[in-house]
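Engineer: Protein chains in written order, with the numbering used here: chain A, 140 to 234; chain B, -17 to 412; chain C, -5 to 375.
Hints are not guaranteed to be accurate.
[Unchecked claim] Facing chain C, from chain B, some residues (calculated, C-beta under 10 Å): (1) Glu64; (2) Leu69; (3) Gly74; (4) Glu362; (5) Arg363; (6) Ser388; (7) Arg390; (8) Val396; (9) Val405.
To be clear, the hints were calculated from the coordinates, so they are not data collected in a lab. Glycine is no exception: its CB is placed at the ideal position from the N, C-alpha and C atoms.
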Amino acid sequence: MREQFEVRVNREAITVDDTTTVAAAILRAGVAGFRQSPDGHWRGPLCGMGICAECRATIDGVPGQYTCQRWCRPGMQIVTGAASDGEAPDELEER
Amino acid sequence: MPAVPQPVRVLVVGAGPAGMQAALTAVASGAAVTLVDGSPSLGGQIWRGEQSHSRAAAALFERVRGSEVRLLFGCQIVDAPEPGLLLGAAEGKAEWLPYDRLILATGAREIFLPFPGWTLPNVFGVGGIQALAKGGLPLAGKRVVVAGSGPLLWSVAAYLRGRGAEIPLIAEQTDLARLVQFAAALRFLPSKFMEAIGIARTLIGTGLRTGCYPVHAHGADRLTAVTLRTSAREWTVDCDYLACGFGFAPNLELPLLLGCTVRDGFVVVDEWQQTSVPGIFCVGEPTGIGGAEKSLAEGAIAGIAATCDVKDRALKGSTASLFAERLRCRRFADALRRGFALREELRTLPASDTILCRCEDVTIGRLIGHPSWRSAKLHERLGMGHCQGRVCGAAAEFLLGWPMESVRPPLFPVHVDTLASVVPSREHDG
Amino acid sequence: MSLPDAIIIGAGIVGAACAERLSADGLRVLVLEADVAGSGATAAGMGHVVVMDDNEAEFALTRYSSDLWRARSAELPQRAEWEPVGTLWVASDAEEFEGARRKLAFYRERGLQAELLDEQSLHEAEPQLRPGLAGGLLIPEDAVTYPPPVAAWLLRQMQERGGELRQSVRVQAIAGDMVVLANGNQLQAPLIVLAAGAASVGLIPALPLQPRKGHLAITDRVPGFVRHQLVELGYLKSAHGSSLESVAFNVQPRATGQLLIGSSRQYGQTSAEINHGILSRMLQQAIGYLPGLAHLSILRTWTGFRAATPDKLPLIGPAPGHEHLWLATGHEGLGITTSLATGQLLADLVAGRPPAIDAAPYAPSRFADSFREEAARAGTV
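Given these sequences and hints, build the entire structure.
Structural biologist: So, in structure tokens, the structure goes:
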């Protein structure tokens, strides 16, 4: 059994291990829409292999990360809901 | 006095079956081999991560790990600034990769076709949902409709079922007659045949519909149901997830950037897997979609060819059997292509307000009147977003007959300072 | 259509502007484009509408055209992404700041809005600029735009007046009042306008034009990162010097929130391939002014070719020694800015109307010698 640890998805604690991708952690938190397209449509991961760019979210303050290509690490802070590619959502600034 | 000969530097791009086998073969010939991949681990898309259950995969993983192959993960190739040198980006840093011989094993990606609702969250690719599941997405109790085309539908459905998902339906767009023809071609590859039997056993009780395809995904901010169509009827199935993919398209960006000749959508190679550019080899899906067995055979051939002179290659005892194996695999690949050719009706699914380019929200309607990809790109922003046309490109080719444009660096979005880094040999040029 | 009154070769923004103005004068216009409308340098360029001050002729043309842009900006389609962001010329040291003062005086004497910013106000205007810069000069009326849809909009107006656009049509030669196509067909018109940018020289070898290659890069969406078009004052040295190769800092905020990063200039290049050495120098220059750029993502890079004349002024008017041929090319890096004025001047000259500004500095006849030499060579063969 691999060691379990917590990451935070939009401040909610989610228990994962180091074989969990950030995308899967976000989905586990019940979040389906990871980000908004230029016209404001919600989007979530599609390809799961670092091609489509739909799973982008902010990881530890760095916006626009491909969450399907990143493993969870203890204490990771993950924020979804950015309204455009590079913009960090408001929630991040309050932290 | 002659200089001590340096080992030939072989760079392998892509750590799926083709790339792993090529790297292992090359390192066995005494080459200095680097194996680079954009994802965080070995296996490529087909043998993703350490969790793979395939014994063949596990054995290959172990051999690669135990070898002297230098492994570089999480590194995307973004540019080829001069002959013999690639630029990679790893965790936001520049990684210069010099080589004497280059083996391209860049794999393939799923083809997604637009239909109303296909952009809703919880509509995934078929390979996509499998990747997410291997990355820790829980599936127990989830209702997943699996749709699209190709053998991957069945193996992923079986995998998802094994993870506790309920599969109300597998919708395969190809007709039963073609499917039967394809099944006959499995004789070329006994291992495929056994795999198919195993999968079929797992899927007993799951509805398989041929000549069936999704026409509408429903939901407000996430998927709730999907409408499917056959020639006889149209009906709606409630579900949590839709896994939908229409086969595979090769990743041709790097071969094209390097100037390799591409014909009919695939990289042209000679009998030794060498491309039109001397010293650059290509193996696996970019030379023809055929799966892991074809990749392994081609990888081994390229691994020999990249490290041995022409006269020495024949001395390698295994080449005859490798060539024979590759021929069997190519026959299987042909059967795959014929068996799962996409039906005409799929071109009629998108409505005028259906999005084709997800990155830039470009609808099908906005493309009317444009004569080419370039025209639609310049005037409507088609393909101008983050995926650089990797998703909408194949769809536009299928729907509109627009071929891919030329390729420019960066091949993937990359930090400004990575692209700004100076070619190492030039640092002191002033 | 029946025989056209004018054939325009090139559906970039200059050809489109000429087509729109000539059709407004009642001419039946046929536009031939080798690729698609609004491609070439129109698509590859940065898309700025800027008033420049290197010499009186350049100032007169850019200012006149800039006025024409602003007068029509409300009609532009949304996709034209018209953004009156202003240009902020950045002075890195005291010497460049002196240059900014001289620019300020030049613009103010001619009634143009301009504002000098000291180090502190520069920082307040653009917090992402690195500290320690000397100051800057703000030209608030300058704007940026995405030109391909503007070309399409101009061509639509021409089409509504009975004109025609043909795309993917390659012109092989111009002979008198005939245009010979690559497929062998011939088209005839009393007026032929060559507006094919750097490609023009392929049809009329005597044109005093050299391709001047440029590289550009565009980032992810990062709304608000910068607020104005930013250009280093050292730009003038590189843009107007004659060195074979140069880079300069020029960054624009686009309507999408993306940043467009330029610029480079290279003579003697004909391949459209990205040159990593030039690209990396250009990006380093940009990071030097905007350190925060370093960790933004580049989505795409591309190149284009400016059509440069020896005196950096365009060629607008009849071609010496060619009875039916007029020129609208040679705009170097200012083709977007000066497109609308070019169309208006050319239409005025064709109609025999006095133009709003003196058109003499742009007359191709200033290079009459090189046209004569060509005629002489042609005659001796």
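Engineer: Against which earlier hints does the structure fall short, listed by number upward?
Structural biologist: none
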